[in-house]
Amino acid sequence: MTPEVIAKSSNYVLYANGNKASQQFVDKAILEDPAVYPDEETTKKLYTVKPYDPKTQRVITRTWTKIVTGQ
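The sequence shown begins at 1 in my numbering and counts up by one.
Do not take every clue at face value.
To be verified - Straight-line C-alpha distance at most 30 Å; calculated DSBU-like pairs for lysine-lysine: (1) 20 to 8; (2) 28 to 8; (3) 8 to 44.
Unchecked claim - Ranges between beta-carbon positions, derived for each pair: (4) 48 to 68: 24 to 32 Å; (5) 71 to 38: 34 to 42 Å; (6) 48 to 25: 22 to 30 Å; (7) 29 to 68: 32 to 40 Å; (8) 9 to 40: 23 to 31 Å; (9) 15 to 44: 15 to 23 Å; (10) 14 to 48: 36 to 44 Å; (11) 24 to 50: 31 to 39 Å; (12) 3 to 53: 32 to 40 Å.
It should be emphasised that the hints constitute simulated quantities derived from the structure, not laboratory data.
Glycine is no exception: its CB is placed at the ideal position from the N, C-alpha and C atoms.
Please model the entire structure based on the sequences and the hints provided.
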């Protein structure tokens, strides 16, 4: 998306986006909110969870289904 368009979306939903060029169009209050745009120190502590292999994911899904359905 163009920076202006994605910035409008961010301003509407109060959520960050991945387009650095849009930051000039994002409301200042959103840019300064550490819950939306964390500082560098916080960012260094973040991590992503690696996806499970299909067999493990299947076991997790089946187990969760049993929990949710009470079986």
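In rising order, the numbers of the hints this structure does not comply with: 10
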